[in-house]
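Trainee: Order-wise, the sequence lines are chains A and B.
Numbering follows our numbering, in which position 140 of the first sequence is assigned residue number 140; successive positions increment by one, without gaps.
Every position in the second sequence, counted from 1, becomes a number in our numbering once 259 is added.
Hints listed in this document are in silico derivations from the structure and should not be mistaken for laboratory results.
Backbone N, C-alpha and C define an ideal beta-carbon position, used for all residues, glycine too.
Partial pick of chain A residues on the chain B-facing surface, computed with a CB cut under 10 Å:
id, residue
1, A89
2, S93
3, Y135
Dumping the calculated PhoX-like pairs for lysine-lysine here, alpha-carbon to alpha-carbon at most 25 Å:
id, chain 1, residue 1, chain 2, residue 2
4, B, K503, B, K393
5, B, K329, A, K245
6, B, K309, A, K250
7, B, K332, A, K245
8, A, K245, B, K309
9, A, K33, B, K337
Covered stretches of chain B (in silico footprint by chain A; criterion: 3 or more residues with CB under 8 Å from a CB of chain A, positions within the stretch not fixed):
id, segment
10, 341-349
11, 357-368
12, 375-381
13, 395-404
14, 422-428
15, 488-498
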Amino acid sequence: MGNLSQEEAIEGLKKLLIHNDKDEQLSKELETKIEKLISEFLGTTPHDCHPVRRILGGFQSFKTNKFDVYPELFSELAEHQTPKFLVFACCDSRVSPSNILDFQPGEAFMFRNIANLVPPFNQLRYSGVGAAIEYAVVKLNVENILVIGHSRCGGIDRLMELPEDGSTENDFIDDWVQIGLPAKAKVKAEFGHLPLDEQKRECEKEAVNLSLTNLQTYPYVRERMARKALALRGGYYDFVEGCFKLWEVKSIISTPIRS
Amino acid sequence: MTTTSNLWTNSDLRLQASRELPGLTKELESDKSERMERIEHGTDLFDEMKQRFLSFKKHKYMQNLELYEKLAKDQAPKFMVIACADSRVCPSSILGFQPGEAFVVRNVANMVPPYENGPSETNAGLEFAVNSLKVENILVIGHSRCGGIRALMSMHDDVETSSLIGSWVSVGMNARVRTKAATKLLNFDQQCKHCEKESVNCSLVNLLTYPWVEEKVRNGELAIHGGYYDFVDCAFEKWTLDYKESNPIGKSGKVAVKDRAFWF
Chain A
1 MGNLSQEEAI
11 EGLKKLLIHN
21 DKDEQLSKEL
31 ETKIEKLISE
41 FLGTTPHDCH
51 PVRRILGGFQ
61 SFKTNKFDVY
71 PELFSELAEH
81 QTPKFLVFAC
91 CDSRVSPSNI
101 LDFQPGEAFM
111 FRNIANLVPP
121 FNQLRYSGVG
131 AAIEYAVVKL
141 NVENILVIGH
151 SRCGGIDRLM
161 ELPEDGSTEN
171 DFIDDWVQIG
181 LPAKAKVKAE
191 FGHLPLDEQK
201 RECEKEAVNL
211 SLTNLQTYPY
221 VRERMARKAL
231 ALRGGYYDFV
241 EGCFKLWEVK
251 SIISTPIRS
Chain B
260 MTTTSNLWTN
270 SDLRLQASRE
280 LPGLTKELES
290 DKSERMERIE
300 HGTDLFDEMK
310 QRFLSFKKHK
320 YMQNLELYEK
330 LAKDQAPKFM
340 VIACADSRVC
350 PSSILGFQPG
360 EAFVVRNVAN
370 MVPPYENGPS
380 ETNAGLEFAV
390 NSLKVENILV
400 IGHSRCGGIR
410 ALMSMHDDVE
420 TSSLIGSWVS
430 VGMNARVRTK
440 AATKLLNFDQ
450 QCKHCEKESV
460 NCSLVNLLTY
470 PWVEEKVRNG
480 ELAIHGGYYD
490 FVDCAFEKWT
500 LDYKESNPIG
510 KSGKVAVKDR
520 AFWF
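If we strip away everything but chain A, and leave its shape as in the complex, we get (with noise of 0.2 Å):
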């Protein structure tokens, strides 16, 4: 086989593909094939481009080894899902909580929406968001919620490029990360003197920070949180340095006043 390094074998690959010779072109199945080599070489999962053979492989796989091996698993939860988590993560597709914290199913109910923010209690908007805390707080009596913010964010990048004078772009997004105001105004009080940039990852941790407040508006989990039976965490996922950080809700009761 001689020296042939996993990169040239690559790049021969590769070559395969790229012909633009009509009378040599090669198969799909070829294509597939060959396709498939140079993902195992790269060591990235081996994905189909076509959108429908693609998941049906995803369906194929998570039924092989995770359904069919674990039966008695499934089938309790076929029956009912007990969760200890109610998870709030972006709908970012490089941070899904089941691909960085490796949640099974069952473990994690989870509600993710554009820079997973959660808004005030308030019961005629936002019914999305409240019917997710209130199914799962109430009905499935989480013992934990885990807001989880990361960098980059493109709803955290509109909230802090929102135009001062409240006009808008976008119809929906900009309705939605206004949420986030508070946030903002604290950054821009606090780290207003650095780039832009800066100010955005903070904006990205301070916004879980004000979701985690924003929870405790709700009468449910405000209760729960006083009986100790709920406990509140933020988290944020660089995956730009490859780092998750977790901080935890407290409220401290300080001794009383004495005159």
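Starting from the structure of chain A, add chain B where the hints point.
Mentor: Below, chain B without anything else, positioned relative to chain A:
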């Protein structure tokens, strides 16, 4: 609220091939103070989480640095997925989406409200995915034994909803109406199952009420799919919206579909 009958202890976190995955689900417990202690300190739980993150970093992140460096700069997912928040139906788990592949909105009962309902977290996500990320596919995934759909089917016909769950799932009212009409002879569980799928179609129709979505579908830049994950039998159904300009979907509420597939 019923508790599970199997006993997963906090300390036993090793994979046991016979039954369970590492347990972050609640175990049967009789001691309230134990539970409070566990919640207050959460050490075992979050130690486990730390190990999982470090394992992800070692086995995935560091092994695919090139990919993660590329993703750190930008995301270009081909899919937007709208799925339920239910702990059993994470699209990354059941369909194997890897980092960078799918922009995922998860809400109660995987619903998409129509354009005229005004701003919500779901259509903020839709706007971002379609107009900024320019995804090529939207996939709305319903699932079996959905608590949100059950709540929708259980609502009284003429009572104001006082709960937030009720307010939200009312988005699927058309699905409930059509289900009740079509399934008079079925029992409640069967009706709910029918509604789970009907609600997906309702959401597909609602997607087309967004002008920038309809335009892209018409131009062939965006495909809209429905999916249904049955975790009782472990099966996945998928179908694609068959958009015909001459037969605008949405006005009659009926959905023309094509490319149906059933995987089990």
